[in-house]
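Trainee: Here is how the chains run, residue by residue.
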Amino acid sequence: MSATLPLPLPAAAAPAQPSRSYWTVVWRQLRRDPMAMASAAVLLLIVGAAVFAPWLAPADPYKASMIKRLLPIGSPGFLLGTDELGRDLLSRLMHGGRLSLLMGVVPVLAAFGIGTTIGLLAGYVGGRVNMAIMRVLDIFYAFPSVLLAVAISGALGPGMSNSLIALTLVFVPQVVRVAESVTTQVRQLDYIEAARMSGAGAFSIIRTHVLGNVLGPVFVYATGLLSVSMILASGLSFLGLGVKPPEPEWGLMLNTLRSAIYSNPWVAALPGVLIFVTSIAFNLLADSVRSAMDIRK
Amino acid sequence: MNAALAPTPAPHDMGGPAQPLLIVRDLKKHFPVRSSPLDRERKFVHAVDGVNFSVPKGKTLGIVGESGCGKSTTARLVARLMPADAGELIFDGEGVEEFRGLRLKEFRRNLQMVFQDSFASLNPRLTIAETIAYGPRVHGIARADHQARELLDRVGLDPSHFAGRYPHELSGGQRQRVNIARALAFDPRLVILDEAVAALDKSVQAQVLNLLQELKAERQLTYLFISHDLHVVHYLSDYVMVMYLGQVIESGPVERIYGHPAHPYTRALLSAVPSMDPEHRTQASPLAGDPPNPINPPSGCRFRDRCPHAHAVCASATPALRDMGRHSEHLAACHLNDPASGHPEAHQEQRP
Ligand SMILES: Nc1ncnc2c1ncn2[C@@H]1O[C@H](COP(=O)(O)OP(=O)(O)O)[C@@H](O)[C@H]1O
Ligand SMILES: [Mg+2]
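Chains as they are written, first to last, in full-length UniProt numbering: chain A, 1 to 297; chain B, 1 to 352.
Okay, chain A solo, but in the shape it has when bound:
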């Protein structure tokens, strides 16, 4: 009778290739993607420069000098010139990256945690609970992110922690929406039904079968938000709602250098260029991660 069955592969051939988990496959895919590697390298450079700024920066970012104001790029001793108060721009950009990146990343992380929890609940429970949660969040969703960020930040008052809260509140509804729709999809998959057939409880099913499969897509979506968050955070600082001077921060620097836009446009544009490059790099990396994670081919 067993002749009708295909013979199991011979044991000797078994360890031919080690078994590859989902994340191993995703990682391999990413490593083969030049765009992913390039944007990761750029980000690593920017993050590294920011994190190690206190040790790497050539000068004190707060040290002003009335005679050395607005030196052009390439001036001796000031590689990227100086700002409107004569402070070394390279050092300020490196130090500024600390706050700018922090304000870009923290709200997304917070929204990822809060939003995934709410979305998972709404999606798994479904029905009226889902309806209630989603309709409330729709109110937030109806406004453009920029408007919402400025409005909440304005209402809470200026300051860094308030802008972090404002940005988190902007992103939570978006993350909830994605988490909810992914959970709703996953919940209907046959392996969830199979788990229910085994008599497992809701908590065990969520932990073992739902969470792992929802986190991935939501994570990808959240990485896409990093660039938006960077720009919004800088925008808030630019408007005076975020970090206060003399703290170095890219958005705020862009504002204070505004006056030099005609006399020394290249120097004035540098913080903006960094915001742009960082945000693009986040975006490209997010795109690559998204396509690498789609392995059902």
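Hints are not guaranteed to be accurate.
Unchecked claim - For each label pair, taking beta carbons as the anchor points, the in silico distance ranges come out as:
#1 B:Arg34 - A:Thr117: 49 to 59 Å
#2 A:Gln188 - B:Gly289: 23 to 33 Å
#3 A:Gly201 - B:Arg143: 18 to 28 Å
#4 B:Ala198 - A:Gly212: 24 to 34 Å
Claimed, not checked - Beyond 12 Å from chain B on every Cβ pair, some chain A residues (computed):
#5 Ala64
#6 Leu85
#7 Gly86
#8 Val106
#9 Ile114
#10 Val136
#11 Val150
#12 Leu156
#13 Ile192
#14 Ala195
#15 Gly212
#16 Tyr262
#17 Ser263
Derived by calculation from the structure, the hints in this document are not laboratory data.
Computed from a predicted model, the values in this text were never measured in an experiment.
Idealized CB from N, CA, C, for every residue including glycine.
With chain A held as given, fit chain B with the ligands onto it using these hints.
Mentor: Frame of chain A, contents of chain B with the ligands only:
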């Protein structure tokens, strides 16, 4: 032996060998649909509309019918994966979830399901062994891993090669073997196979069907085998039930149904299948068009607007399932088979 290894087996054959393993009575499920958010009127898809059947112990009941006729919904209702609007399940003589009957947990342990989509049936983040061991582990069964490896071996997958692998590394046939192994982990008595081999290549399909036959004999399983492939149903089933638009229109022993189909719909289905024997190949396929809208099923006989024998009586009276012989177990719901129905083409004497 570890006492926890096997879940305390339900005493087999509670109701004796003659007691059907599963009796389904008047099962109903209507899904609400709303064509637009402004639509005030509540409409319903009559997915399963008063289905009755029973499955004898150790036998296979094949359920056939066009896509959308309610086969999967019937399966899900039987598995209690969704609540039924109405109906009764009797498992080996005991009502499920009734006063002094079988609790849902016990019932579920006795029943497992294998789905069509072998990939969607497996959690992509778990290894094959983890997937099979998940259920037993949730119930605190020690040696769940060991048992998972034994089951893999039984379904023809070398555990040393496959246990640590992920679903995307397997072929469709191998994944379906894993799904079968998982279904067996609780030593179930009834296995529902919903289009379980439909997505597989013909040769792989044959291997998996062989495996199912072996397992059935070896473990005294009873199958509810859902398929739209009439050849496969013929091969595997002892009894066949034909569904049309949420209702059973014919049922009986497989050779009766395939040899002497009594309902025009069954005849159309069977003639639409190319026969393996070229001598018997019919040219015409009388089954034209799509099934009518399940939201507003036709009055009387639901098949009438596609039926070559339709008559006024088919619109005015709903045909009931009638025995086609004396206690032949062959039932069909068609006015043609009822001399008293008033249908002009109705057989005046009982068919042999
Ligand atoms: N969850 C659901 N919500 C609404 N309608 C459904 C749902 N599941 C199935 N249906 C409808 O019920 C009918 C029967 O579906 P199904 O049982 O899947 O048929 P089959 O398995 O025979 O192809 C179809 O018309 C289908 O659209
Ligand atoms: Mg189906």
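Trainee: Next, verify each hint and record whether it holds.
Mentor: Against the structure, the hints:
1. B:Arg34 - A:Thr117: 49 to 59 Å: violated (30 Å)
2. A:Gln188 - B:Gly289: 23 to 33 Å: holds (30 Å)
3. A:Gly201 - B:Arg143: 18 to 28 Å: holds (22 Å)
4. B:Ala198 - A:Gly212: 24 to 34 Å: Since Ala198 of chain B and Gly212 of chain A have Cβ atoms about 28 Å apart, the given range 24 to 34 Å holds.
5. Ala64: Given a closest Cβ separation of 55 Å, the condition holds.
6. Leu85: holds (54 Å)
7. Gly86: Answer for Gly86 of chain A: holds, closest chain B Cβ roughly 56 Å.
8. Val106: holds (28 Å)
9. Ile114: holds (23 Å)
10. Val136: holds (18 Å)
11. Val150: holds (32 Å)
12. Leu156: holds (36 Å)
13. Ile192: Given a closest Cβ separation of 8 Å, the condition is violated.
14. Ala195: violated (7 Å)
15. Gly212: Violated: least Cβ distance 4 Å, not greater than 12 Å.
16. Tyr262: holds (55 Å)
17. Ser263: Holds: least Cβ distance 57 Å, greater than 12 Å.
Going down the numbered hints, you'll see the structure goes against 1, 13, 14 and 15, while the others check out.
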